[in-house]
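Which chain is which? The protein sequence lines are A and B, in order.
The working numbering runs 35 ahead of the 1-based position in the first sequence.
The working numbering runs 3 ahead of the 1-based position in the second sequence.
None of these hints come from the bench; they were simulated from the model.
Don't take each hint at face value.
To be verified - Restraint-style ranges between C-beta atoms, simulated for each label pair:
| hint | chain 1 | residue 1 | chain 2 | residue 2 | range |
| --- | --- | --- | --- | --- | --- |
| 1 | B | Phe227 | A | Gln174 | 47 to 57 angstroms |
| 2 | B | Leu165 | A | Ala213 | 55 to 65 angstroms |
| 3 | A | Glu123 | B | Leu41 | 40 to 50 angstroms |
| 4 | A | Arg108 | B | Met40 | 54 to 64 angstroms |
| 5 | A | Gln149 | B | His143 | 15 to 25 angstroms |
| 6 | B | Tyr48 | A | Asp219 | 49 to 59 angstroms |
| 7 | A | Ser218 | B | Ala307 | 44 to 54 angstroms |
| 8 | A | Ala284 | B | Phe227 | 25 to 35 angstroms |
| 9 | B | Glu314 | A | Gly221 | 49 to 59 angstroms |
| 10 | B | Ala44 | A | Gln267 | 46 to 56 angstroms |
| 11 | B | Leu165 | A | Ala181 | 55 to 65 angstroms |
| 12 | B | Arg343 | A | Gln267 | 56 to 66 angstroms |
To be verified - In the SDA-like style, the derived pairs of lysine to any residue whose C-alpha atoms are separated by at most 25 angstroms in a straight line are:
| hint | chain 1 | residue 1 | chain 2 | residue 2 |
| --- | --- | --- | --- | --- |
| 13 | B | Lys20 | B | Ala180 |
| 14 | A | Lys263 | B | Ser303 |
| 15 | A | Lys44 | A | Pro247 |
| 16 | A | Lys139 | B | Trp138 |
| 17 | B | Lys263 | B | Gln31 |
| 18 | A | Lys263 | A | Arg90 |
| 19 | B | Lys170 | B | Ser405 |
| 20 | A | Lys263 | B | Phe227 |
| 21 | A | Lys79 | B | Trp387 |
| 22 | A | Lys79 | B | Asp56 |
| 23 | A | Lys263 | B | Thr292 |
| 24 | A | Lys263 | B | Asp291 |
| 25 | A | Lys263 | A | Ala252 |
| 26 | A | Lys139 | A | Pro45 |
| 27 | A | Lys79 | B | Ile367 |
| 28 | A | Lys263 | B | Thr299 |
| 29 | B | Lys263 | B | Val401 |
| 30 | A | Lys79 | B | Tyr48 |
| 31 | A | Lys139 | B | Thr142 |
| 32 | A | Lys79 | B | Phe51 |
Since this is a predicted model, take the numbers as computed values, not measurements.
Each residue gets a CB set at the ideal place from its N, CA and C atoms; glycine is no exception.
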Amino acid sequence: MSTTRVTRKPRRYGMVIDIDRCTGCGACVIACAAENNLAPAHSKATERTGVTLVRVVTLSSAESPGTGFGQPRMAAYMPLMCMQCEHETPCVSVCPQQAVEVDKLSGIVEQMPQRCLGCRYCMTACPYHARSFNWADPQWPAGMEATLNPAVAPRMRGVVEKCDFCQSRLNAAQDEAAMNGQSDPGAYTPACVEACATNAIVFGDWNDPESPVSQAAASVETFAWLEKLGTQPKVRFHSRQPWIRAMAARGGAAPAKEVAHG
Amino acid sequence: MADMAWNAIVAVERKLKPRDAVRCPLPQFAAWLAPWMLLFAVGLYAGFLCLRDGLYHTNMDNRFVFGLWIFLDLAIIAFGGGAFFSGFLLYILRRRELGAIIRSAVLTGFLCYAGALLVLMLDVGQPLRAWFTFWHPNTHSMLTEVTFCISCYLLVLAIEYLPTILKNRQLRRIPQALVFGWELHRMMPVLAIVGAFLSFFHQGSLGGLYGVLRGRPFAFREGFAIWPATFFLFILSAIAVGPSFLIVVTRVVEFITRRKHAGGDVYRVLGRISGILLIVYVLAKSVDTIVWLNSTSPQSGFRAWEYYAWEPFGTWILFLEIAGLGLLPAIFLLYFSRTRPERLFVPALAACAGVALNRYVQTIQTQALSTLPFDQFVTYSPSWQEVAAFLGVIAFAVIVYSASYRYLNLFARSH
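Turn these sequences into a full structure, and let the hints guide you.
Printed below as a string of structure tokens:
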């Protein structure tokens, strides 16, 4: 019996999110929760203790340095998830037990909940606050377990989780490619991309100049949040609104309001 | 009948106390311990709730992932620096005056580190996986180094403390225990070197925990080779404040027991060393702050004013940390160590408060500030379970120290 060594072309999956198209409907959040078996919020959960891999944030021109006095106030919505940082990925180097790593073949920053200690150091390290901790045991109402996605293992209490571009879908694409005698899974679509009604999220391989993300990134109106940190996020954003791009060009939050908790 | 039982207990207890030692009567000792026991029991219950149900009992959240417990850890580990540093001074640099308090210093360090590990076990989401760090260590993570060194150093402190226990009046009657204790005592210089090595690294790595956070420009620092500036600042601040904490502990014990346990020579040495190192720390911290505000932070896209525009974290906290609770205590420590060593308590306490404030800023202010321009500044106040567990650890330390003081010779020159 002989074995054949197959080599796969390394990919760098990423996204370009068009903020101007996002309506803030939250379909991406729901699709993500259903795909990744996120349990309903705990009875004592707050906005900041729930588990979500994508959150929709509101941008206000009032907080942008690009908005002058007397100009009309504007708002925009934007899904925010793990940015899949490429350079010196902040969460990878800090994890004490190698529960976070970058997959060399897909470029996806992977989280291994079964190895996670729950120290939350990676959450401190993440500049995008894109990680969630399971503060309580995940619980589904009776009967709802039947709706769980069998391709994704539910996570237990006390571990961190994050968006992994629907790794289960990539695995399924790989399996299908293998069955067809191919080594390369090619294109696949994460749940949030599929659910977006306005096609605001474009997904693809940054290594492929013909991919939708590479095409979208060619625009000067495409940017990344916190670009100066140098982590080279693979999720980028697009907007024709100068006030949004001006907001991205500056660093920290403008002193406007604070949120108390506890 | 009850009287007979009580008399028997008193008789047995008397035999456990060091010969010729003056200790309070048993009922008075029990009354002293009672509130601490109660506090410890409440802390245990709070810890039990967190272990049983999960960390939703705390007020930490996805933005404020470190809270009171991590602050406590960082602060008491810095205070515990007095153990390794006084051991280093006594056994390696031959500052024999410190022999008077070395056992108390070792116990203080042991309790600081044991308390830190107890709290860490509560703070992590999956405490039963703690061994994973040893099995799958990420050698690039500062937390790996902290975990390795703290675990090893706690073991070293336990070994260092063992001879003191073996000198108990009843244990001394066992010849093997006496010989074992003596052999351990001979190993002390080696243990002091090992302890100093381990302590240097984990004190530094605790600072490195924050210094390497590229995604948190408030905490991120450039440095030397793989170590950010905070690595060295934490070492310096720990060895500076460790002797001060020993002054505080010894003075408090003297006050409570109404006996003198250390002479002016001991306080002079501790005060002078603490003062000198604190001045070096304040200078280094000032240089680091200037470099950070003018170079490191702007390169990340953040201007200095942004960090201090949020109340209550104004610039006052920076000046209080460096000048009010850094430079001033250092000057008074040096002055009183030359003139009136009995007055070293207040500046030593202020120095401890300064380093605790530094750990608070590193932990809490780093979490409170948002990096994203559209995110908000967030605040946090601990839940009763967090506070109870925090106080429970302090109660644990007081109970163990009190029992050790009563039944062992913690101070060589008590009179």
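Margin query: Within 55 to 65 angstroms: is that where the Cβ-Cβ distance between Leu165(B) and Ala181(A) falls?
Written below: holds, 58 angstroms
Note to self: 46 to 56 angstroms was suggested as the range; check whether the CB atoms of Ala44(B) and Gln267(A) agree with it.
What the structure shows: Given range 46 to 56 angstroms: holds, Cβ gap about 52 angstroms.
Notebook entry, point to check: Given the proposed pairing of Lys79(A) with Phe51(B), does the C-alpha separation stay at or below 25 angstroms?
Noted result: holds, 18 angstroms
Check: Does Ser405(B) lie within 25 angstroms of Lys170(B) when you go C-alpha to C-alpha?
Finding: holds, 17 angstroms
Checklist line | Agreement of Lys263(A) and Phe227(B) with the hint, judged by alpha carbon distance not exceeding 25 angstroms | finding: holds, 22 angstroms
Checklist line | Proposed proximity, Thr142(B) with Lys139(A) (alpha carbon, max 25 angstroms) | finding: holds, 19 angstroms
Next item on the list: Please test the hint of 25 to 35 angstroms on the beta carbon pair from Ala284(A) and Phe227(B).
Entry: holds, 32 angstroms
Notebook entry, point to check: Within 25 angstroms, alpha carbon to alpha carbon, are Lys44(A) and Pro247(A)?
Noted result: holds, 18 angstroms
Note to self: Please verify whether Lys79(A) and Asp56(B) have alpha carbons no more than 25 angstroms apart.
What the structure shows: holds, 12 angstroms
Notebook entry, point to check: Quick one, are Lys263(A) and Thr292(B) close enough, alpha carbons at most 25 angstroms?
Noted result: holds, 20 angstroms
Note to self: Given the hinted pair Lys263(B) and Gln31(B), is their Cα-Cα distance within 25 angstroms?
What the structure shows: With a Cα-Cα distance of about 20 angstroms, the restraint between Lys263(B) and Gln31(B) holds, given a limit of 25 angstroms.
Next item on the list: Assess, step by step, whether the Cα of Lys79(A) is no farther than 25 angstroms from the Cα of Ile367(B), and give holds or violated.
Entry: holds, 23 angstroms
Checked against the numbered hints above, the structure violates none of them.
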